Each structure stands twice: as structure tokens, then as C-alpha cells.
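Starting from the known structure of chain V, fit chain A onto it as the hints suggest.
Number of protein chains: 2
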Amino acid sequence: MCDTNTDDLKNIGEFGLIENIKSWLDSKDSNIDANVVGIGDDAAVINKISDKILTSIDTLVEGTHFTRDITNFHELGWKSLAVNISDIAAMGGIPKYALISFACPEGTKIENLKQFYFGFQELAKLAKVRLIGGDTVKTSEKIVVSVSIIGETINGNYFLRSGAKAGDFVCVTGTFGDAAFGLKQLLLDKLVKNYFTDRFNKPMPRFLEAKILGEKNLANAMIDVSDGLVFSLYEIAEKSNLGILIEKNKIPISQQLQKILKNLDYALYGGEDYELIFTVSEKNINEVVNSLKNVNIIGNMTDVFAGVRMKSENDKTENLVKKGYSAF
Amino acid sequence: MCDTNTDDLKNIGEFGLIENIKSWLDSKDSNIDANVVGIGDDAAVINKISDKILTSIDTLVEGTHFTRDITNFHELGWKSLAVNISDIAAMGGIPKYALISFACPEGTKIENLKQFYFGFQELAKLAKVRLIGGDTVKTSEKIVVSVSIIGETINGNYFLRSGAKAGDFVCVTGTFGDAAFGLKQLLLDKLVKNYFTDRFNKPMPRFLEAKILGEKNLANAMIDVSDGLVFSLYEIAEKSNLGILIEKNKIPISQQLQKILKNLDYALYGGEDYELIFTVSEKNINEVVNSLKNVNIIGNMTDVFAGVRMKSENDKTENLVKKGYSAF
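Top to bottom, those sequences are chains V and A. Last residue of the first sequence: 1034 in our numbering, with the numbers rising by one and none dropped. Last residue of the second sequence: 1034 in our numbering, with the numbers rising by one and none dropped.
Hints in this document: simulated from the structure, not taken from any laboratory. Keep in mind it's a predicted model, so treat the numbers as computed, not measured. One should not assume that every hint holds.
No copy is singled out in the list; a pair is fine if it fits within one copy or between any two copies.
27 Å max Cα-Cα, derived DSSO-like pairs, lysine-lysine [unchecked claim]:
#, residue 1, residue 2
1, K848, K716
2, K848, K820
3, K908, K844
4, K844, K815
5, K728, K1029
6, K945, K989
7, K848, K815
8, K1017, K917
9, K831, K820
Okay, chain V solo, but in the shape it has when bound:
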């Protein structure tokens, strides 16, 4: 990229940037909320939210969670919001408001910042999330994006990792392994763009499914899957002090991935799918299956904590190892 002094952050400064951000958002923002004092003061003011508030912060660091050659600014904007929406979804809540802290070198191009905010806003509109504040600060080299999010519960319902009951069905949304396989492809060829790379760079957090679960209070425990399916299953098992037995042939894998891979490694241990795992009592399972598209039952909570185990087609049971996923 050519470097001119007329279009980078150093040239317009933080306060010039705030005006730019406002204009980028206005032109894209169809969900203006008169009850909010947003960007431009010391703090944002939010009126009228449910009695129980959900809040979370998540950070994407260049070199740790993304690199600029395989994730562009638009995708980074989308993803930085997606991982936060996913946290609120994992509680069964509705995401409402977000703040961005964007730390970047002062040579960062305004066009790139614009793409970042457009990517952020693209998902924000879909999920009805309003950007209400934040700051932009200077780093020497690496980009660090922190997003904090505020959501609300529906009828006061929320689901912790610790809420699973023995006998609960273990359900999941979507399919597993696609994002990690997408990253693998990008690491081999940074120009490739397909279903898998989109799942890595523009994951769709499950806010619609979470809303149904929260509204009807259908889950006992829930978590989103950023560190891999098995890792997240362990989180529910450990926090609930129970075991989990899943069935190998029930693990949902996309047709695209099935065509390519013979083994389950990506599905079990690949991260960044941002699907939901949730546990459901017998009395609610029919309602879950009927209300939610694209949900699969993959196993059950067992009554004693014995880690996470997997039953094969031939009824053999193996213990799965808890290991986290690291992108880079």
C-alpha cells in the first residue's frame, strides 16, 4: 500500500476520527435509538433496559487472533463484534449496545478504519446492536481491538455453564470444524476465499437461537464455542460437576467439510466456530427441536463427573482430552 500523509490516522487525529466514525455509522445506521446518548461524550447513557443486564469484553490481538494478510479490516470489524455477541448469546440474552476500543499504529489508513467500522456495522445491523462509544488509541505496531458489549436478559432468564442437570440432552447449533479448516487454508494461501474462510473471518454468532432459548427458558446450561467443541463441553461438565457422553456419529459436520476430511479432529478440537452448546431437560427437548432450526442433539449429561467421553458406532467409548485451540 502506498503511504501518503493525507489519509492516515496521524493526519486527522483522534477527534477527527470521531467525526468520521459518526458519519460512517449514520450512513449505515438504520436503528437510531433516541434513548441513547452515544459517541462523543465521556460515557454513553443508556435508558430503559431490562432489570438483569449482561456484559462482557473481548479482545482481538494482531498476531494472536488475526493477521492482516488473512483477515481484512472489514472482516476484522465484523469478527470483533461477532465474538462479543456470541458471549451474550451464550447466556441466552439479547445483545444491545457495544463500545469499541481500537488501538492501532498512527499510520493506519482512514480507508482501513472505515472498512473496519463498516464491517462492524454490517453485523451490528443484523443483530440490532448499537455502537455507543469507545476510544481510538495509538500503538507502536500491532492492532488490538477490544469490544465491550451490553445485553439484556429476556424475562430475567439466563444460562450459566454450571446449570446442567444429569440426564439433560446436550444440544449444539450448526456445524463444527469449518472455521479452523478455513484458517488452515488461509495459512496455506492467504488469497483463498470460500465457505470455510468466511466461517473463520466472518463467523455468524447465534443470537437468533439464543433469543428463542432465553425467551422460553429452554436451556439449563449454555456456552459458546470459541476454543473448540471438546474444550467447551469440558467447561460445562466441570462447572456443572457432571460428565458428558456424546455420540460420534451425531456430531454435526458440514457437507463441505465431510467431503474433504475423513477424521473428526477439526470438528472436535478446531476453534472459532462460535456455535452454541446447551443442555436441555427432557420436558423441554421437543420444544427445542421444534423451535430451533439447525440444532442437533449430540449426547447427554451423565450423573458423575468423568470428563467428556465419546461413543463410537461400535459402542466403544473413549475419553476425550481437554485441550484448547490457538489460532496462531
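For chain A alone, coordinates are given in the frame of chain V:
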């Protein structure tokens, strides 16, 4: 510092760290709040807060806002919360809950992280702020700390930068220039520790004063001073579309700084004091002066926007330049 593999972040991992953080906070935390689901799930759950919520995010970047040789981890923890509490104070609200995103190299010593959280918690206890979540992520080199904060309004009152009225008194808390002078001393000798360096490394945000102003709805506009007195005065003037005339001999300067400096440069243009500037109607000014210790009237809002001007003892008036403050 000697480097062993038994006591750094790489060795215990993110999840080991979460357990450590919980133990550090428990041992220091006297304000446990049963209405909160805090650290350890996908998002925090907050019950019962006022109808109007205040929220903000602020980030400290190593090399931009601090360096490790002049700000230790304890001070960094304090300051990362202080700058956020100051944002809520600047709205006239009460800070309640905080989330930390701590990005650091994986070789970071656990003892240093502990000092960071102890510093954070020291101020959190004073200000009755509860740490309810966050994440810890890996950077290649530089530390980046983002804190998001949630506060509440009192009786629905809050003060924007844009709320000043012509004729309002312009009031300030505390004294100006000490923090910037402290930084200057630290840049000359990183081992020096005194009143000035403490004001730079452990600023005390004005949450007590803000609470009184919010409770009694005494201010029309308010801002905190991170970028310097004149810069923040300009923010109020511009956003309120009015002018400000201050009196040179009314600008509060600490006795310590008066002894050393002949001119006003540090007081006018030094940043990071985290004092409050607020404007007050004539009908409220007596109540302000009687209710708040350590407050000074430094001037008035004028009815036409003509920037920020300063009147000297000899009745000469000069226009002040809007320029921001940059630590490094």
C-alpha cells in the same frame, strides 16, 4: 528480573490465571455483591441498577500511555481503573462494575499480574466498584489494558459536555499540572517518587464530588480533564456552542507546583490530572461551594462562541490555543 518458567503466564495459561484472579480479588474484596454473576462465565450478569446506565471503555497502551520503567504494575492496575471511573464521574454518575481486558506477552510474571490486580482492587474498594469479568490475551510484546465500566445515574441525572448555559460559572475540582510535571520528573529520573509522580501514576478520580453533583443535579455540563485544562474547556465551549472566559489568577495550582514553576504551562496544557470541570447556574453556585470541598470557580461561560480566553490580573484578555496533551 530473573526468568523462570514456573511463574509466568505461559506456564499457568488463561484458565489458571482466572482462578488466580478470583483468589486475589476474594482476599481483597470486601464488597461482594450477591446480585452479580461475575468472573468465569461467558458474560457477567448484573441485577438491579438504575434505569439510566452509564458505560465507557478506555485503553492504556504501553509506550503510548505508560512505560513499564516509570509505572509499575500496581500503579498500572490503579490507573487503568482510575481513567474509567473518571469517565463515569464526568457524567455525574456512580461507577459500579468493571471488566478488564489485559493483553500481555506470555512471559509476563504472575507476580506482576497479581500486583496489577491488587492495584486495580485498591481503587475499586475505595470507589465501591466491583470487577465482574474480562479476558486475558496474548500479545507479542506490548501490554494493552482495556477497561470497560458500567455506572448508574442518580435520580436519572447526568451531565453532558454540551449542557453549559451562557452565564454559568465554570468550576473545577483540585489542582492542575501536577501529573504532567510528575511525568516530566519520571522521564528525567525513573526512580523518583513524590507527590507529582503519584499524581501521574495513581490519579484519584473525583467520584465523590461527582456523586454530590449528580445527586443534587447541580451542574449543567461536565467533563474530566485527561488531555489538559484548556483542551477540556474547549470541549465544553465547542459542544455547548458558547465561549469561556477564565481568570488567570483563579486557576488552582498546588502549593508544591507553585514553589517550582513560574509559568502556567503545566496547569493549562499538562494532561492526566483527572480533575473535573463543570458549569453551574447562578442559582446553584452557593450549594456547590458549600457542598464540595476543594472546588474553585475559575471563570464563566460567555454567550457567544469565541473559544477559550483568559483574563490576566491587569485585565488583559488572551485567546488560549486548543492543543491536546500526549504523554509520550
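Verification of the supplied hints:
In this homomeric assembly, K848 and K716 come within 27 Å of each other (Cα to Cα) both inside a single copy, at 16 Å, and across copies, at 20 Å. Both within a single protomer and between protomers do K848 and K820 lie at most 27 Å apart by alpha-carbon distance, with minima of 18 Å and 25 Å respectively. Taking CA atoms no more than 27 Å apart as the test, K908 paired with K844 passes in both settings, with 26 Å inside one copy and 22 Å between copies. In this homomeric assembly, K844 and K815 come within 27 Å of each other (Cα to Cα) both inside a single copy, at 13 Å, and across copies, at 25 Å.
Only between protomers do K728 and K1029 lie at most 27 Å apart by alpha-carbon distance; the minimum there is 22 Å, versus 42 Å within a single protomer. For the identical chains of this complex, K945 and K989 are intra-copy neighbours only, at 23 Å inside a copy versus 57 Å across copies, given an alpha-carbon limit of 27 Å. Taking identical chains as interchangeable, the C-alpha atoms of K848 and K815 lie at most 27 Å apart whether they share a chain (14 Å) or sit on different chains (22 Å). When the C-alpha separation of K1017 and K917 is checked against a cutoff of 27 Å, the pair qualifies neither within a copy, at 31 Å, nor between copies, at 59 Å.
In this assembly of identical chains, the alpha carbons of K831 and K820 lie at most 27 Å apart only when taken from the same copy (16 Å versus 40 Å across copies).
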